[in-house]
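Chemist: Make the full structure from the sequences, and use the hints.
Sequential numbering from 811 applies to the sequence shown in the numbering used here.
Hints were generated in silico from the structure; no laboratory data involved.
If you're wondering where the values come from, they're calculated on a predicted model, not measured in any experiment.
All C-beta atoms, glycine included, are put in the ideal place defined by N, C-alpha and C.
A hint or two may mislead.
In silico DMTMM-like links for lysine to aspartate or glutamate, alpha-carbon gap of 25 angstroms or less [claimed, not checked]:
| id | residue 1 | residue 2 |
| --- | --- | --- |
| 1 | K946 | D904 |
| 2 | K887 | E824 |
| 3 | K831 | E941 |
| 4 | K831 | D1022 |
Quick list of the computed label-pair ranges, beta carbon to beta carbon [said to hold, decoys possible]:
| id | residue 1 | residue 2 | range |
| --- | --- | --- | --- |
| 5 | N861 | D1031 | 18 to 26 angstroms |
| 6 | G860 | N886 | 30 to 38 angstroms |
| 7 | N906 | A1034 | 46 to 54 angstroms |
| 8 | T864 | N914 | 17 to 25 angstroms |
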Amino acid sequence: MSQELMAMLERAFEESTKLYKERGFQRRIGFGKRPALINVDLANAWTRPGNPFTCDKIDDEIIPGVQRLMKAFRANKFPIVHVTTCYQNTDRNDPNTDMGQWHNKIPVDVVNQSDENLWAIDSRIAPIDGEFVLLKKRASSFSGTSLAGYLRSAGVDTILVTGVTASACVRTTLCDGLAEGFRTIAVKECIGDRVPGAVAWNLFDIDAKFADVETVDTCLDYLATAGQK
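Modeler: Written as structure tokens, this is what we have:
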């Protein structure tokens, strides 16, 4: 992101913070007793170069941060959910396609279920036995899926969300997670996008209304004692 754009955003954040605090926004939801990690769309179509959905800062920030979180989650035997997106019928002329209307806005038709390499979770953070891999069709990981039921059956009260994109699938997952009654944590260094400024703006706005934005280090400190309360 250019320094000029970041400076503009910082000025906007400063003014917005004043308004939000005056009106009682930017409260803290906090961590609960039992967390789950939800990695949203960290699959090859989003993490590897050359695809329409390829995002920035995958190799240097997002993957390393997620690897650290996954190590801590696995050590504590907390649930990890790997979310990806694909479609069985990517014929845009077929009214029965499982893409719904989304293909009329973005090129979801490139992620066909028959090409497993595209929607497979990035091998650097690949699932291990016992970890839930969830296929979704819409932006939110909760929309039309079994995610909320799975989390409740596992006794989860807190979700740590990583992945892409800040402006779409991560944001809607956090919004719906809050609506479903979970404590929502957006992991700052582990959320990406492909449009300049999108991560900074969305994380600022999410932190004001839908989730706590916390660093990887803060989340790891929490994980070291989670479940002991």
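Chemist: Checking each numbered hint in turn, tell me which of them this model violates, lowest number first.
Modeler: The structure breaks hints 2, 3 and 5; every other hint is satisfied.
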